[in-house]
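S.K.: Protein chains in written order, with the working numbering: chain A, 1 to 115; chain B, 1 to 114.
It should be emphasised that the hints constitute simulated quantities derived from the structure, not laboratory data.
From a predicted model like this one, the values you see are computed outputs, not experimental measurements.
All residues carry an ideal CB built from backbone N, CA and C; glycine is no exception.
Treat the hints with care, since some could be wrong.
Said to hold, decoys possible - Part of the chain A face toward chain B, derived, beta carbon under 10 Å:
| no. | residue |
| --- | --- |
| 1 | Ala2 |
| 2 | Gly3 |
| 3 | Gln37 |
| 4 | Ser51 |
| 5 | Glu52 |
| 6 | Gly58 |
| 7 | Phe60 |
| 8 | Phe64 |
| 9 | Leu83 |
| 10 | Ser86 |
| 11 | Glu102 |
Unchecked claim - Simulated crosslink set (SDA-like; lysine to any residue; CA at most 20 Å straight-line):
| no. | chain 1 | residue 1 | chain 2 | residue 2 |
| --- | --- | --- | --- | --- |
| 12 | B | Lys37 | A | Thr38 |
| 13 | B | Lys42 | A | Leu112 |
| 14 | B | Lys57 | B | Val20 |
| 15 | B | Lys42 | A | Gln41 |
| 16 | A | Lys57 | A | Ile12 |
| 17 | A | Lys57 | B | Leu94 |
| 18 | B | Lys57 | B | Lys42 |
| 19 | B | Lys37 | A | Thr103 |
| 20 | B | Lys42 | A | Lys57 |
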Amino acid sequence: KAGVTQTPRYLIKTRGQQVTLSCSPISGHRSVSWYQQTPGQGLQFLFEYFSETQRNKGNFPGRFSGRQFSNSRSEMNVSTLELGDSALYLCASSPLGLLPGETQYFGPGTRLLVL
Amino acid sequence: GENVEQHPSTLSVQEGDSAVIKCTYSDSASNYFPWYKQELGKGPQLIIDIRSNVGEKKDQRIAVTLNKTAKHFSLHITETQPEDSAVYFCAASLNTGTASKLTFGTGTRLQVTL
C-alpha cells in the first residue's frame, strides 16, 4: 500500500505571495491532519479534516486554511506569506482519526522557503 | 491544552549502549502516546506507541513505559546501532470522540557513535 504523498517537495516563494500544498493520504484513510515543523517551535498542529469537514484546528492565524476533497485528498493554503512561514509542512493520515490510539502516518513533507 | 516536555534535547551514546528519552504531559485525559523517529529529509515515522491502559510495551530493541500517575512516559533503546541516529519525538493524543490531534515534544537528537 502506498504511503502518504505530498507535493511539491520543495517550494520557494516571496513575502506576500500565497501557496497551496497538496497531500494524498494512504488509500482508505479518511482523516488528514496538517502540521508545521520549524527548528524553533517544533511540530505544531494546524488542522484536521475528515469527510471534507474541518474537525479540529490549532492556534494558527486565518491565513492558514485547508480543505479536503471527496477522495480524501487534502490541500492547505497559506495566503500573504511571511518570512516566519518558512517551515516543513507535514501531512498525516489515519483511517478515522477518532478511535483512541489510532496511528497517524506521516508523509515526507513540503519544505517551504519564504524570501 | 496539552503540553508535552521532552528531555534531553541531544543525546550521544556509544554503539551498543542504551539510550533513554523522557517525556512528561500535562493533560491527564490524554490516552495515547506514540513515539516517532525522523531521519534527515523525511517525515516522522512511528516506531512504537502505548495506550493509557498499558504500562509497558516492547518491540525488539525498543521499549516504552508509561506512568499515568506521574504523567510521564519514556523510550528505551537497547544495543544502539549507528542507524538509530535520528531525531526522536514523543507525542500525546487526546481522542475526544469527535476529533483528535497529536501534541509533540520538542525532539531529541540521538547520535550513536562507533
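S.K.: Compare the structure with each hint and give your call.
M.R.: Okay, the hints, checked on the actual structure:
Interface restraint check for A/Ala2: the shortest CB-CB distance to chain B comes to about 14 Å, outside 10 Å, so the restraint is violated. Taken as an interface hint, A/Gly3 checks out: its beta carbon lies about 9 Å from the nearest beta carbon of chain B, inside 10 Å. Residue-level restraint check for A/Gln37 holds (minimum Cβ-Cβ distance to chain B is 9 Å; threshold 10 Å). Taken as an interface hint, A/Ser51 does not check out: its beta carbon lies about 12 Å from the nearest beta carbon of chain B, beyond 10 Å.
For A/Glu52, the shortest C-beta to C-beta distance to chain B is roughly 15 Å, which exceeds 10 Å, and the interface hint is violated. For A/Gly58, the suggested interface contact is upheld, since its CB lies about 7 Å from the closest CB of chain B, less than 10 Å. Annotation: A/Phe60 was flagged as interfacial toward chain B, and the flag is violated, the nearest CB pair being 13 Å apart, outside 10 Å. About 15 Å separates the beta-carbon of A/Phe64 from the nearest beta-carbon of chain B, more than 10 Å, and the hint is not met.
Contact between A/Leu83 and chain B, as hinted, is not supported at the beta carbon level, the nearest pair being about 22 Å apart and thus beyond 10 Å. Look at A/Ser86: its Cβ only gets to about 16 Å from chain B, farther than 10 Å, so that hint breaks. A hinted interface residue such as A/Glu102 counts as satisfied when its beta carbon comes closer than 10 Å to some beta carbon of chain B; here the least separation is about 7 Å, so the hint holds. At most 20 Å may separate the alpha-carbon atoms for a hinted pair to count; B/Lys37 and A/Thr38 meet this at roughly 16 Å.
Only pairs whose Cα atoms come within 20 Å are accepted, and B/Lys42 paired with A/Leu112 is accepted, the gap being roughly 14 Å. Annotation: proposed proximity of B/Lys57 to B/Val20 holds, straight-line Cα distance about 14 Å (limit 20 Å). Using a Cα cut-off of 20 Å, the hinted pair B/Lys42 and A/Gln41 holds, with the two alpha carbons roughly 18 Å apart. Simply put, A/Lys57 and A/Ile12 have alpha-carbon atoms about 26 Å apart, too far for the 20 Å limit, and the pair is violated.
Between A/Lys57 and B/Leu94 the alpha-carbon distance is near 14 Å, which keeps this suggested pair within the 20 Å criterion. For the hint pairing B/Lys57 with B/Lys42, the CA-to-CA distance comes to about 26 Å; that exceeds 20 Å, so the pair is violated. Between B/Lys37 and A/Thr103 the alpha-carbon distance is near 14 Å, which keeps this suggested pair within the 20 Å criterion. In summary, the hint linking B/Lys42 to A/Lys57 is not supported, as the alpha carbons are separated by about 24 Å, beyond the 20 Å threshold.
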